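**Student:** If you want the building blocks of each chain, they are given just below.
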Amino acid sequence: MLATARTFTLDGISARPVRVEVDVHRGLPGFAIVGLPDAAVREARERVRAALVNCGFEFPLSRIVVNLAPASLRKAGPGMDLAIAAALLRASGQLEWEGMDRVALAGELALDGQVRHIYGVLAIAEAAREDGAEAIVVPAENGPEAALAGGVEVVPLGSLAELPAVAAGERAPEPSPLRLWSGPAPGAPDLADLRGQPHLRHALEVAAAGGHSLLMVGPPGAGKSLAASRLPSILPPLGQEEALEVARIASVTGGLGAVLPAGRPFRAPHHTISAAGLIGGGSPPGPGEVTRAHRGILFLDELCEFRREVLEALRAPLETGEVSIARVSGRRRLPCRFMLVAASNPCPCGRGEDDPACTCLASQIQRYQGKLSGALADRIDLLVAVSQPSAEEIGGAPGEASAAVRERVRAARERQEARLGLGRCNAEMTTAEVRECDLDPGAAALLADLYSRRRLSGRAHDRALRLARTVADLAGVARVGEEEMAQALQLRRRDRV
Amino acid sequence: MSERRACVACLRRSWLLALLGPFLEKIATGKVGRRSPELLRLGNEDLVEVVAPKAGPGMLAELATLGEGWFAERLEEAECWAICRHDDRYPPGLRDAADAPWALLGRGSLGLLEGMEPQAAVTIVGSRRATSYGREVARDLARQLAAAGMVVTSGLAFGIDACAHRGALDAGGKTIAVLGCGPDSPYPAAHRGLWRSIAETGVVISELPPGSTPWRWSFPARNRVMAALAGMTVVVEAATRSGSLITADLAAELGRDLGAVPGPVNSAPSAGPNDLLAGGACVVRDAQDVLDAMLGAGARSLERTGPPLEEELAIVLAAVEAGATNADAVVAAIGSSGRTADPSDAAPASDLPARRASVALARLELLGYLATTPVGTFTRTLLSAPTTVVSDG
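First to last, the sequence lines map onto chains H and W. Each number in the numbering used here comes from the position in the first sequence (counting from 1) with 3 added on. Each number in the numbering used here comes from the position in the second sequence (counting from 1) with 1 added on.
Misleading hints may appear alongside valid ones.
[As the list claims (entries may be wrong)] Which chain W residues stay away from chain H? Per the calculated CB distances, all over 10 Å, these: (1) TRP71; (2) PRO93; (3) ALA99; (4) ASP100; (5) ARG129; (6) ALA191; (7) PRO263; (8) VAL284; (9) GLU312; (10) ASP329; (11) PRO354; (12) LEU362; (13) THR378; (14) THR382.
[Unchecked claim] Simulated pairs of lysine to any residue, SDA-like, Cα-Cα distance not exceeding 25 Å: (15) LYS374(H) x ALA372(W); (16) LYS374(H) x ALA191(W); (17) LYS374(H) x PRO375(W); (18) LYS374(H) x GLN391(H); (19) LYS374(H) x ASP171(W); (20) LYS374(H) x GLY22(W); (21) LYS374(H) x ARG217(W); (22) LYS374(H) x GLU137(W); (23) LYS374(H) x THR380(W); (24) LYS374(H) x THR132(W); (25) LYS374(H) x THR373(W); (26) LYS374(H) x HIS273(H); (27) LYS374(H) x LEU371(W); (28) LYS374(H) x ARG354(H); (29) LYS55(W) x ARG217(W).
Worth flagging that the hints you see were computed from the coordinates, not collected in a lab. These numbers come from a predicted model, not from an experiment. A virtual CB, placed ideally from N, CA and C, is assigned to each residue, including glycine.
Take the sequences, apply the hints, and build the full model.
**Tutor:** This is the structure we're talking about:
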């Protein structure tokens with residue numbers, strides 16, 4: 004006898020519909036799964052068999068063939084267990100379900116029949132809605148997440164044994180949608196932990212206000228990582244749509260816990276990461292660190308230790324805000340609008356050339372700092388030299404809390420949105436928009452002086468203007484004055500002569 | 002344009018050299034090639050007699066038919082000017098050399114060359130395959146000399162030459178490139194950008210007419226121009242058979258000062274300068290050594306005095322001089338002094354010193370008192386601050 008069920012497989016950060024067809028007929032007993040399954044899908048055989056038996060069903064001693072259609076699409080992950088089990092129960096006559104064709108199922112089975120949580124339920128529920136399903140059966144743990152999608156009835160399921168009841172129409176109350184936090188989650192690290200270091204704080208605030216990329220250079224233990232990890236807490240709160248984007252990616256990559264809200268992501272990949280790990284890749288293509296950092300911070304600690312080709316690979320995503328991965332099966336576009344924050348030691352030993360204890364050779368330092376002035380550095384707007392805070396500073400009063408700084412940043416972003424349009428910030432200003440910046444004569448003279456005397460490149464000129472605009476937005480002035488320009492010139496990354 | 006024209010006889014000489022190029026190349030190889038300036042001492046007829054007895058007279062006759070207008074046209078096409086030895090503007094240093102070029106063709110600000118005394122210029126030469134040590138020294142030396150108001154002369158070649166020009170440009174100073182080809186084409190081609198920058202802010206000159214290709218003999222020939230133009234020739238790095246040593250010999254023959262930058266005794270590129278030092282050349286460790294040798298000890302100090310500073314800038318500069326190398330350290334140093342926070346200011350008081358420090362540091366960098374390293378720290382430049390302080394506000 005033949006039965007079918009609807010389910011989904013993850014592809015990039017979205018889900019694609021899959022139809023499970025199960026045929027049970029006489030013959031030598033066996034259980035085959037066809038339709039490009041990966042190892043996790045193939046192993047569903049054993050999980051389904053054990054779950055069926057342990058929930059009091061009978062595992063048919065017949066020839067069972069499971070086909071996953073479309074046959075050309077590669078299927079991955081354990082999320083198809085539930086659909087396979089349900090279709091098998093129907094095909095063997097153990098489950099009566101009138102409207103099963105209008106219901107999608109997703110979930111992993113434990114050997115005792117419990118339905119385990121899976122990744123990407125938000126994307127799956129959205130895909131189910133698009134696919135025209137009336138309801139979707141998901142693991143009970145994933146219920147609130149699935150409810151975020153809206154437009155499709157969510158049926159949480161705790162165990163395979165409850166499936167006949169669900170089929171008969173006895174359904175648990177629909178879960179309420181997961182609450183997404185637009186601001187930082189409670190208990191997230193706070194900028195108050197950064198004591199002293201006023202210049203570094205100022206640079207962080209400017210970077211956050213304009214969405215500018217930032218490079219911190221200083222000896223180990225100077226507070227670079229601490230400062231970077233506090234950045235999400237001073238960024239403006241996420242909008243509703245942005246929060247959903249972040250949640251979708253977190254869901255696919257397993258970062259969206261059953262209860263814990265997301266907020267702005269902060270990703271700090273280790274410097275040994277591969278280009279595929281950073282940008283995304285694999286088959287089927289999965290999101291990399293840049294996509295996981297979407298709408299948040301990508302922090303590259305020890306920038307000079309990253310492999311050159313990895314840093315090179317970062318250039319295009321930084322420019323376009325999305326990653327494009329080409330595979331034989333098609334091209335996937337993954338969003339990656341993140342803020343780049345990098346940190347580096349001044350030299351391989353970390354002490355810095357000016358420290359008499361530095362043992363690095365001139366050639367080593369040159370090679371090391373070469374990466375600071377390479378192609379990626381061209382995409383970095385701010386440069387801050389960070390030094391160890393003094394004993395008084397560390398023992399002193401805590402710094403200003405994130406909430407106060409975030410308020411100023413939010414006000415500055417609002418001014419930018421009023422000028423540039425919704426969701427845009429100064430770092431994204433086009434050359435034409437940069438030229439429209441209103442400068443007072445003093446500021447213009449300062450910039451012109453630098454431009455002619457230091458032979459600044461056009462790119463560096465525009466970068467200085469963008470920064471100056473952000474400083475002015477923070478100060479709340481419509482026109483960039485001499486003081487704002489001077490601050491921007493001091494904060495900007497210098498070009499190598 | 003008419004006042005910027007050299008006399009026709011001298012211009013004919015330049016075009017004659019271009020026509021004789023391949024003939025000179027043939028006979029001026031080996032030892033003679035290194036001494037091609039000696040050949041150029043000869044007058045037109047004698048030169049033709051020695052170099053190209055058959056084809057030469059025809060060339061002379063042909064050039065004799067060309068009038069002033071023809072030369073003016075060629076120069077205008079190539080956007081070049083020309084001055085000759087009969088001109089008041091001809092650099093006096095070149096008159097000391099018996100084999101000096103009859104005419105100089107060039108691009109850029111002629112005013113720089115006009116009446117330039119040799120004591121106002123330093124020639125920096127050295128190996129094309131220089132080490133990082135040599136390149137760094139050459140660039141620093143040129144930067145300091147240019148900052149002290151000296152004209153830096155060199156030959157636009159790879160290695161030391163290019164670093165010397167770049168150093169002078171870094172400091173916003175004057176530099177002269179003497180070429181072994183026509184003044185309108187950069188050689189080597191990789192230095193097109195550098196050639197253009199020099200033509201914009203300094204001078205590019207040659208004794209060959211526009212469109213001339215470089216010859217093996219034309220490099221020793223341009224070396225004699227470099228040696229004669231400047232009061233001192235400094236060899237930074239040169240292997241024992243390097244062309245830079247020809248320049249050094251020519252400079253010594255003219256009675257110019259000769260300097261050399263010492264290097265490791267086991268380094269081949271430093272063998273040339275080390276030999277010169279053993280032979281009595283001036284030790285050049287920095288620009289001050291050059292200035293002392295040329296102008297007398299203490300006659301001109303390297304340090305320049307910058308524009309006067311407001312009180313706030315003076316405080317920040319003092320903090321940097323006391324060892325603050327980054328902005329946070331400067332904030333800490335000035336935090337305890339100066340203005341108190343304005344309560345009407347939107348930003349919190351804690352933020353104010355950081356903004357003030359940023360502004361002050363940016364101004365000091367623009368005024369030339371500070372320089373920034375690639376890692377974002379500051380270093381104090383050689384510029385010294387005046388003692389008077391302008392009251393602020």
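**Student:** A separate judgement is required for each hint: does it hold in the structure or not?
**Tutor:** For each hint, the structure was consulted:
no. : hint                  : result
1   : TRP71                 : 39 Å, holds
2   : PRO93                 : 31 Å, holds
3   : ALA99                 : 41 Å, holds
4   : ASP100                : 38 Å, holds
5   : ARG129                : 21 Å, holds
6   : ALA191                : 18 Å, holds
7   : PRO263                : 18 Å, holds
8   : VAL284                : 23 Å, holds
9   : GLU312                : 16 Å, holds
10  : ASP329                : 4 Å, violated
11  : PRO354                : 6 Å, violated
12  : LEU362                : 5 Å, violated
13  : THR378                : 5 Å, violated
14  : THR382                : 13 Å, holds
15  : LYS374(H) x ALA372(W) : 20 Å, holds
16  : LYS374(H) x ALA191(W) : 24 Å, holds
17  : LYS374(H) x PRO375(W) : 11 Å, holds
18  : LYS374(H) x GLN391(H) : 23 Å, holds
19  : LYS374(H) x ASP171(W) : 23 Å, holds
20  : LYS374(H) x GLY22(W)  : 47 Å, violated
21  : LYS374(H) x ARG217(W) : 40 Å, violated
22  : LYS374(H) x GLU137(W) : 20 Å, holds
23  : LYS374(H) x THR380(W) : 21 Å, holds
24  : LYS374(H) x THR132(W) : 21 Å, holds
25  : LYS374(H) x THR373(W) : 17 Å, holds
26  : LYS374(H) x HIS273(H) : 17 Å, holds
27  : LYS374(H) x LEU371(W) : 24 Å, holds
28  : LYS374(H) x ARG354(H) : 18 Å, holds
29  : LYS55(W) x ARG217(W)  : 22 Å, holds
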